[in-house]
Amino acid sequence: MTDILCKTQDLKITFPHRLGDFTAVHGFDMEVRRGEIVGLIGESGAGKSTIGNAIMGLLSHPGVVSGGRIELEGENLVDLSDTAMARLRGGRIGMIFQDPMTSLNPLMTVGDQLSESIAILQDLPLAQARQMAADRLDGVGIPDAASRMGQYPHEFSGGMRQRVVIALAMAGDPDLLIADEPTTALDVSVQKQVLDLIRSICVERSLGVILVTHDMGVIAETADRVYVMRYGKLVETGPTAQVIHQPTQQYTQDLIAAIPSIDHREDRFRNPAKKTGEIDQWLLQGHKGEGSGDYVTASALTKDFATKKKSFWGKAGSFRAVDIPGLSIKRGEVLGLVGESGSGKSTLGRMMTGLIPPSSGSVRYGDHGLMTDVRTRAARKALRRDVQVVFQDPYSSLNSRMRVDHILAEPIRFHGLAEREETPRLVGALLERVGLPADSGRKFPHQFSGGQRQRICIARALSVRPRFLLCDEPTSALDVSIQADMLALLMELRRSLGLTMLFVSHDLAVVRQVSDRVAVMKQGQIVECRAAEALYDAPENEYTRMLLETAPRATGHENTQNMRRAT
Amino acid sequence: MSKNYIAPLVAALAVSTALVAPAQAETLRIASQGDATSLDPHSHNESFTNYFLANVYEGLVARDKDFEIAGQLAQSWEQVDAKTWRFTLRDGVSFHDGSVFAADDVIFSMDRALSETSNFKHVLASVESYSAIDDMTVEVVTKAPNPILLNDLLDLMILDKQWSEANGAAMPINLQAEEKAYSATNANGTGPFQVVSRAQGEKTTLAAFDGYWGDAGNVTEVVFTPINNAATLVSALLSGEVDLVMPLPLQDIPRVENGAGVKVVSSAEARTMYIGMDQWRDQIIESPVEGNPFLDLRVRQAIAHAVDAQAIIDRVMQGQATLATQYLMDKVNGYNPDLTRLEYSVDTAKSLLAEAGYPDGFEVTMDCSTDRYVNDGQICQATVSLLARVGIKVNLIAQPKAQFFPKVVAPDFGTSFFLLSWTPSTMDALNVFQNVLGTRDLENGKGAWNISGCSVPEADALAAEAAVTMDATAREKMLQDAMALMVEDVCLVPLHVQQLVWGAAENIDVVQHPTFEFPLEYFNVN
Amino acid sequence: MYFLLARLLQATIVMLCVALVGFLVFQFVGDPVLSLVGQETSVEDREALRESLGLNDPILVQYARYVVNAVQGDFGISYSFNRDVSEMIADRLPATIELVMLSGVLSLLLAIPAGIYTGIRRKGGIAQTIMALSVIGVSIPSFLLGILLILVFSVWLNWLPSFGRGDVAVVLGFRSSLFTWDGLSHALMPAAVLCLFQLGVILRLIRAEMLEVLRTDYIRFAWARGLPGGRVYFRHALKNTLVPVVTAIGLQLSSLFAFSIITERVFQWPGMGSLLLHAIGQSDIPLLAAYLIFVGLVFTISNLVVDAIYVLIDPRIRHGAL
Amino acid sequence: MLERIRSDFWYELLNSPVTVVSAVIIALMIIGCTFAPVFAPHTPFDPATISIMDNNMPPAWADGADPRFLLGTDLQGRDVLSAMLYGGRISLQVGIGAVALSVVIGMIVGLVAGYFGGMTDAVLMRVAEIQFAFPPILIALLFNGILKASLPADVFAQAAVPIMILAIGLAGWVQFARIVRASAMVQRGQDYVTACHAIGLPTVTIILRHITPNILGPVLVLAMLQIAVAIVTEATLSFLGLGTPLTEPSLGALIQIGSQYLFSGIWWVVIFPGIMLLVMVVAFNLVADWVRDYLNPRLR
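Chains as they are written, first to last, in the working numbering: chain W, 9 to 575; chain R, 308 to 833; chain Y, 7 to 328; chain P, -2 to 297.
Next comes chain W alone, as it looks inside the complex:
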């Protein structure tokens, strides 16, 4: 096969450690041809990024290629000297990093950075390089590129920055492009555009692309062939469609099965098996019978944030993060709140739970009345007991200096829900209820995996016997398989304990799985709010439709399928 651009043979990468070496990748084989996009997918820790870095010769200390070959057009990169390797970078191999916000030097204009790369890689005089740079920027779809050359990275939006990054990576016209999670930090709408850009570049320049990602959707949208990885080993490979639709390996099957569908609500989430831990009675204690009606109602709610004032004497401006006429959640209902980053969904969520005060408008709780009326210490305590939160980042949401049992015992003791002596038993029971061993309380948060931490967070939320739970992107930081379990757990708890929930997420698929009703937010406003099924199947609002359109589907889009056939 002559047109094989890059291949790895029995690639082995180890990170030496005094307590025994850790092998991140063992025996990995891969081929990349010109003009094709090869997807490299796996969950966190699968070693996929490591392979990208290895090909680039930028393994992070102390990692080393401990075996096998990396070939670029027959030349083995493994035994190349650093200087030789350095010459390959940019010229033969380009790379795109995950976060466009941090990939660019904040103190240099975009034009300078690009023309610098071009001048060096194609050794051209700077003037010429600048000229070329402008064209390149234009090429990656940056409007009136020439004038934006003089601007600094912070003046570009996320998507635009990623385009600049791509232009930079392409500055030396490499043969191979490694894209490491190129769209993970971007909104779905933008994500689509960037992927399309990569795709088109790949086609035009018959470029080999390695697309490293954790998102099956992205693969399905973009890749021609896919390599599925787990624990540094190759699990399965083949043409994308085949791997997705007839996976041969168990792991792949589970992986794909775990991906929540955006097109229908799966039954396991709609009515999950109702478990009852012995703690449920305790959790349900002191709940007045479920009346009907709204649990919480927000009316004419707005939130303004002050913005930096531009002129010295000028007034500090403010921008309206949230502005909604009203929103209410029925008892026992799960309301999904979707929107792109900066749409104000988290702010709204936090206002609904009283974590941040609204600029105007009011929030009324069925059991507690207007939040503004909740003044006395006792009343506030009661409210705080009923309303709890589960956060996105399982790492920052637990106090790393506190042992888990303290984290769980503190709220129980604070609200006087149990005597000192019975608290430990309750803590154990709670942990078991959320699917952790009862004795995990003696450990510290950093000794748990992301999923386990998220379970601890849920346990903490439950520990005060809440009625209303705000889930703020609870699964966004988790791997797909774990995400599914987490959603299942939440749904099960909701059913068993009859919780009311506000579920905030940017992921339409996830929201669909859990929500009875869904509200779509855009720039602080709710553009559409209807029963989930109705909204997904027949979106009324233009924006909603666009979101649903661009959302990547593991099954792949009809139109992209066509597009690929066309090339």
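Warning: the hint list may mix true and false statements.
[As the list claims (entries may be wrong)] The calculated lysine-lysine pairs, modelled on DSSO-like cross-linking and capped at a C-alpha distance of 27 Å, are: (1) R/450 to R/390; (2) P/145 to R/700; (3) R/510 to R/487; (4) P/145 to R/487; (5) R/753 to R/708; (6) R/753 to R/784; (7) R/450 to R/428; (8) R/714 to R/753; (9) R/714 to P/145; (10) R/638 to R/753; (11) P/145 to R/708; (12) R/714 to R/487.
Read the hints as simulated data drawn from the structure, not as lab findings. On a predicted model such as this, the values are computed, not experimentally measured, just so you know.
Using the hints provided, position chains R, Y and P relative to the given structure of chain W.
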């Protein structure tokens, strides 16, 4: 800092400095631990300042090379009668600004010395009146016959009337006041040297005054640099950056003696160190003890016995001092050779204390300067540990002279136990009685430095008589007897007479006076 | 420029507060009346004096008066020198300035390259040595170092003068001892002592910043783009390193002034520092107060300069993005 | 896993012999100085036991030495070794005391400013900035100077150590306030704090039980560095004559006295205290550096 980076530069500098050295042969570079506090000859009465200014200003009389009193601005004088002195002024003398010296300048200066803000009233304490007979003659009438009028007049510096009045310096600087003073930074005298530049605490440059009436040495320029760090002081001398160091820190004597091109010059100084004890308060201050132990003669004797002055001389003073038997050095007129010092004996001291009712001693606070006398701080510490052995617990407050003196001198006399010393500038015992030993009588300017407030009326009487006795031998006898009385009463505990020790470059001739004067006109650079 | 205007406003406030402290010290440490008249003055006379001095006015009025005078460079009269405080400062300032500048420049010249080097080759032997030395540098008390230098270079080797300021020459209207060999030879040791501490601090800071920056994505991306080492280090890393370093250097300037006090004492350098020590020794309050305000001024100005430099290096500040 | 972390600590520590040595030195010095009365062969602060007759004795190994005085005696006949131990005690007292004071003030100000932000923050930080206008050593110097000018001499002499602690402590709090504020602001943004709000915990509890433990790391590092600085500052003040009284000298005062005899062949009175001071400070710096790197693994 990388060494090879500076080395060449350093070398170059070494050469360059070496080259310029001989060019300034006639310049005398003096480093002293203190600086003259002011250029006004009537404000700060502090010996270094006085003797520094004595090179710029002149008095009617002054000590010559051999330490004899001789005419300076006074050509000659005669005693019309016991009380009346007539001075014939030297003519052809001009001030540094060129104006001619005459009688009115003398009268003006005497007025100025007696004015409210002056600290030199004492020099004319014995004077009834003074007047100008003519342009070149001044007559001084004393209240009573004064055998040592000339000695008194040594410290009276003469300023130029016109210059002073023109520059608003008609009055001496008021040390209390926060006010500008021209005379603090400018001088216009008749002396052999005139002030070229003055940066207090930094550098003062004098130049030989070519219009000088007398003959001066070959020194054309004098550069004064105060250096307060002893180590720096010596290193400056050894590295040839200065030609004269005064005083030379005792601990560095051996080094200078062995040093190439430098020498140690030393002679006895008329400064007697002593410990003072509060004898005028009923309750001593800054001490828990009831009443005032020092009122008891036995306690004072005990302290004299307990303080091993010889050890202090040998150890603290490196032998650069002689044991003091009384409050004078032997060269001073009125020294009593028969007196001896109470010998060092812890037992005697203890038993005396026991008799006095302090078998376990007592606690007292001692005030001490750290930068005024040679090793003053260390002397005090030695005293503290010596007294500790007889059970007297001493809390030492050692502080710079700037804080020390305001605390202990008039009007507060804010101390009950202290280290001090005195130099009779007149080289006559009477000066000591008038300032240090005589019963305190501030109105008549007597006993202003009698900080311990001791009082022996018989001694006072003898001193008073001596003050008006013209017969030298009889007078000396009186002074000696008076001194005997004071020593017997242990008014103060005498420690030692310190040596005047300077370090100088080989090629410098200096003249040392027991009073620490440094008359630069007698110095020479070879 | 909004950013700088705001800073200027802050600076003014800072100075006013500093002046307040100076004023309080000036006014209440030691009764100014007592320092003006002898003990024997009668109570009535003192009252009269208080009145005439306006010491009975409301405190704010007095403060205002003090500030106004200070702005006109009138800090009262030193009672140990019987001269205008401002005059005295003016006399001593040049000496200190030249010392501070010489050592400041020295430390920067040495610290920046060394810092970058140790940042890039942090495991290297030379780097390790430099770091070890820098620890000593920041640790050794400057007075101790000064004494040792004198011992070695003045007494043993007799290469350099041990005290004082050398001959002064005028170049381009600037009077400084740095323009003469003699002057330089005098300034060298004090400057070295003063420089060493700063050197250590700045060097370590630059190194730390360098390490931080080299770890950032945009540097990794720069490598991935195939930029040569030199460009990555000096064009991309260094500039980003400088932002925090500049602040620190700004701060160091005022600490240079502070440490010059010690150096000046050890080397008999006739500058502000020895003046301050004299003032303390004499409890010369007007002088103390003035010095206080002076250092405040130095700091405030250096900070303004720093801010200005910021605006130059960091576009994000220019655009109010930070 | 927890064991891993702890063993990591020892592993890293033992991998840096310099640090181990420094730590040991610090330990020894602290013990030696705190129990100076026990270890010191003489009691240099008790004049009764000092004899002027055995002053200026060279160290034991030099000729003309007296075996009673291992490192010789000073001009007062004080045993240099004992004087160093007692002086070192003062230096450590001042160093640690002053830093403790700074930490307390800095923590309070920093936490309040960082947690509540807004106006409180603005005001507090402006104050801090003003104080920052003055290098700590200068503040301590002026503070001491002004007190010396206004207090009666004996009071000042008696209270020398507390005054010094006060001066240096008050001079040093700003840096602590700054880093505490910075990290408090970071912590405040963390979800676990929001979770505490959600639970309804009172602010004080949140600050003390949750935020404070999370910001101690940097404070610890700075504290160690500051102890070194404080010791040097104390020594410097004493050297400038604003510090401890002649009869009870700290290390700095010993060096100041000794420096007068630097060229007089009596080198031991300045060299030994000098070395001790230097070693003490270097040791603190080295340990602090190591702890910083340890707490910030990315630097490894």
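- Task: Hints the structure violates: just list their numbers, smallest first.
- Result: Of the numbered hints, all hold.
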